[in-house]
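Fit chain B to the supplied structure of chain A, relying on the hints for placement.
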Amino acid sequence: MTQSVVIVGSGPAGFFAAQAFLSADTPIKVDMYERLPVPFGLVRYGVAPDHQKLKSVTAVFEATAADPDFQYLGNVTVGQDVSFNELTEAYDAVVVATGAISDRKLSISGEDLPGSVSATEFVSWYNGHPEFRDRKFDLSHPNVVVIGNGNVALDVSRILAKTPEELAASDICKHALDALSKSKVTDIFVVGRRGPLQASFSIRELREFSMLSDVEPVFDPAEIDSVGASPEELKEASRMLGILKGFDHPDEPRRAARRIHFRFLLSPVEIQGKDAAETVVFSKCKLEGEAFKRRAVPTTSQISIPAGLVLRSVGYRGTALPGVPFDERSGTVPSLQGRIVGADGLAIPKLYAAGWIRRGPSGIIGTNRECATETAQSALEDLAAAPKSCDPELRTELLLRLRTGSSAKVDIAGWYRIDQMERKAGEACGKPREKLTTVAEMLEAALTLEHAL
Amino acid sequence: MPHIVTDNCSSCRFTDCVSVCPVNCFHGDAERLYIDPILCIDCGACIPKCPVGAIVEDIDVIGSPQIEINEAQSAILPVIMAKQSPLPGAEERRDQLIAEGVV
Numbered sequence: 001m002t003q004s005v006v007i008v009g010s011g012p013a014g015f016f017a018a019q020a021f022l023s024a025d026t027p028i029k030v031d032m033y034e035r036l037p038v039p040f041g042l043v044r045y046g047v048a049p050d051h052q053k054l055k056s057v058t059a060v061f062e063a064t065a066a067d068p069d070f071q072y073l074g075n076v077t078v079g080q081d082v083s084f085n086e087l088t089e090a091y092d093a094v095v096v097a098t099g100a101i102s103d104r105k106l107s108i109s110g111e112d113l114p115g116s117v118s119a120t121e122f123v124s125w126y127n128g129h130p131e132f133r134d135r136k137f138d139l140s141h142p143n144v145v146v147i148g149n150g151n152v153a154l155d156v157s158r159i160l161a162k163t164p165e166e167l168a169a170s171d172i173c174k175h176a177l178d179a180l181s182k183s184k185v186t187d188i189f190v191v192g193r194r195g196p197l198q199a200s201f202s203i204r205e206l207r208e209f210s211m212l213s214d215v216e217p218v219f220d221p222a223e224i225d226s227v228g229a230s231p232e233e234l235k236e237a238s239r240m241l242g243i244l245k246g247f248d249h250p251d252e253p254r255r256a257a258r259r260i261h262f263r264f265l266l267s268p269v270e271i272q273g274k275d276a277a278e279t280v281v282f283s284k285c286k287l288e289g290e291a292f293k294r295r296a297v298p299t300t301s302q303i304s305i306p307a308g309l310v311l312r313s314v315g316y317r318g319t320a321l322p323g324v325p326f327d328e329r330s331g332t333v334p335s336l337q338g339r340i341v342g343a344d345g346l347a348i349p350k351l352y353a354a355g356w357i358r359r360g361p362s363g364i365i366g367t368n369r370e371c372a373t374e375t376a377q378s379a380l381e382d383l384a385a386a387p388k389s390c391d392p393e394l395r396t397e398l399l400l401r402l403r404t405g406s407s408a409k410v411d412i413a414g415w416y417r418i419d420q421m422e423r424k425a426g427e428a429c430g431k432p433r434e435k436l437t438t439v440a441e442m443l444e445a446a447l448t449l450e451h452a453l
Numbered sequence: 001m002p003h004i005v006t007d008n009c010s011s012c013r014f015t016d017c018v019s020v021c022p023v024n025c026f027h028g029d030a031e032r033l034y035i036d037p038i039l040c041i042d043c044g045a046c047i048p049k050c051p052v053g054a055i056v057e058d059i060d061v062i063g064s065p066q067i068e069i070n071e072a073q074s075a076i077l078p079v080i081m082a083k084q085s086p087l088p089g090a091e092e093r094r095d096q097l098i099a100e101g102v103v
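Just so you know, the protein sequences line up as chains A and B, in that order.
Once you know that position 2 of the first sequence is 2 in my numbering, the rest is easy, because the numbers rise by one and skip nothing.
Once you know that position 24 of the second sequence is 24 in my numbering, the rest is easy, because the numbers rise by one and skip nothing.
Chain A with its partners taken away, still in its complex shape (with noise of 0.2 Å):
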């Protein structure tokens, strides 16, 4: 008897282990519950808008998708459309891939002030999340502050400086385009904890800031002398090094509309402001510890640096899935070889989790596949062991329930419409697509253009 197995989430560790899963000797039906309409969850709400060759794995997603044993459902929400319980009883196992998005705090005063926001907010503001798209960002003040050093830090900023221009090949949505059109943001503060070697930014990315049009990076190389890093940390470090030191000094002329200022060792204390963040005040840090595993320590020195606008962008976590056992701490689901544990540190049955959600978020679209990998060999092992199926009727009937149930349910076909359809309108004004925003235009795109075709 046929196996099924069930993956929550479709980004790439849920797509990656879908194709783990179909490539077994044994032949296995996976099925894959997103809550959204469409597929691809950070492909295409967190790859940056104007990095279309990384956002091209969806091809290998769509061959995945097109193998007959593999069934796409979106806009399912596991806790509401469906409950956790009846997936366990309707599958032989169930994998976790749902991501890390919400945010990281960086609790200091005034966090919370209008114009304190997280990075991911203004990511799927700017790529067309419907949740997020309705957002407003104060773009209207010439300084922006982004707190943090990982590659979400270099994204917003790149998206804030780019000229429209240049913004308009990418997929970035109209009402992004639209607002950043009319910024009035000149200068852009990348800001540290940690020194310049610590940095998590990649190679690839911090490279970019080279080649924009009418932008100049600057950083102070003085901020490298400042750190008396070990030689070690510095061969380490030499590419990154080499780029930030190739950057303009920050005394010298401005020469482009707009500058990004790479500043390190300086620790948020505060967001200040009456009725809105006006000013982020820093601690100047020191670094303490042994090489490679140096730590910020803050002295009593500050600077404050006005800002309309406050991009954090310190870290994300994972949400707790009802009934599935997570770690508030980490923000991840405790797994061993990507099988979910429970408190007491054992495998609970046919409960698997993979990518983000299992590992925190770190690594990049190909960590996951990795990831994934480990994930789906873990299950198809214990699928062998315990070759007993579930009543195959249960899918079958949850399956037909959601198809035929109040909401609207989007599968694999549903979403070629969209795509078509996002693609259109993207030619119209020489864009890769021109992104659908809202839940109703998808499910209206998914299903009416049924009819017509």
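Calculated directly from the structure, the hints in this document are not laboratory data.
There's no promise every hint is true.
[Said to hold, decoys possible] Taking lysine-lysine and the BS3-like style, the derived pairs with C-alpha atoms no more than 25 Å apart in a straight line are:
no.	chain 1	residue 1	chain 2	residue 2
1	A	K274	A	K136
2	A	K174	A	K53
3	A	K274	A	K105
4	A	K284	A	K105
5	A	K424	A	K174
6	B	K49	A	K53
7	A	K53	A	K424
8	A	K235	B	K49
9	A	K293	B	K83
[Claimed, not checked] Calculated from the model, a selection of chain A residues having no Cβ within reach of chain B, i.e. all distances over 10 Å:
no.	residue
10	E62
11	F70
12	E111
13	E166
14	A222
15	P231
16	D251
17	E270
18	E288
19	F326
20	L336
21	M421
Cβ atoms here follow ideal geometry from the backbone N, Cα and C, with glycine treated the same way.
Chain B only, in chain A's frame:
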């Protein structure tokens, strides 16, 4: 601007890179691996996986014959999708490359 495999891979062939490649763009013969520059999406996941630093971006090695070698060889060799055992002597060669400061 795709990524390429350099000659550092020769005689090592650790193949840790292939398990993180989202698009299966690694091809190989008995000696080493090559990246298909058309398929590579420049995600960079493979770079830190290589124990001998054999994967670089082509713009870091402009003019290198390796760029054409990757393109030509990947077109004719089979895809390597799963990790395989390194070649005999790979560890020694890695240690030697590290000692020489190449890695």
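Hints breached by this structure
The structure breaks only hint 9.
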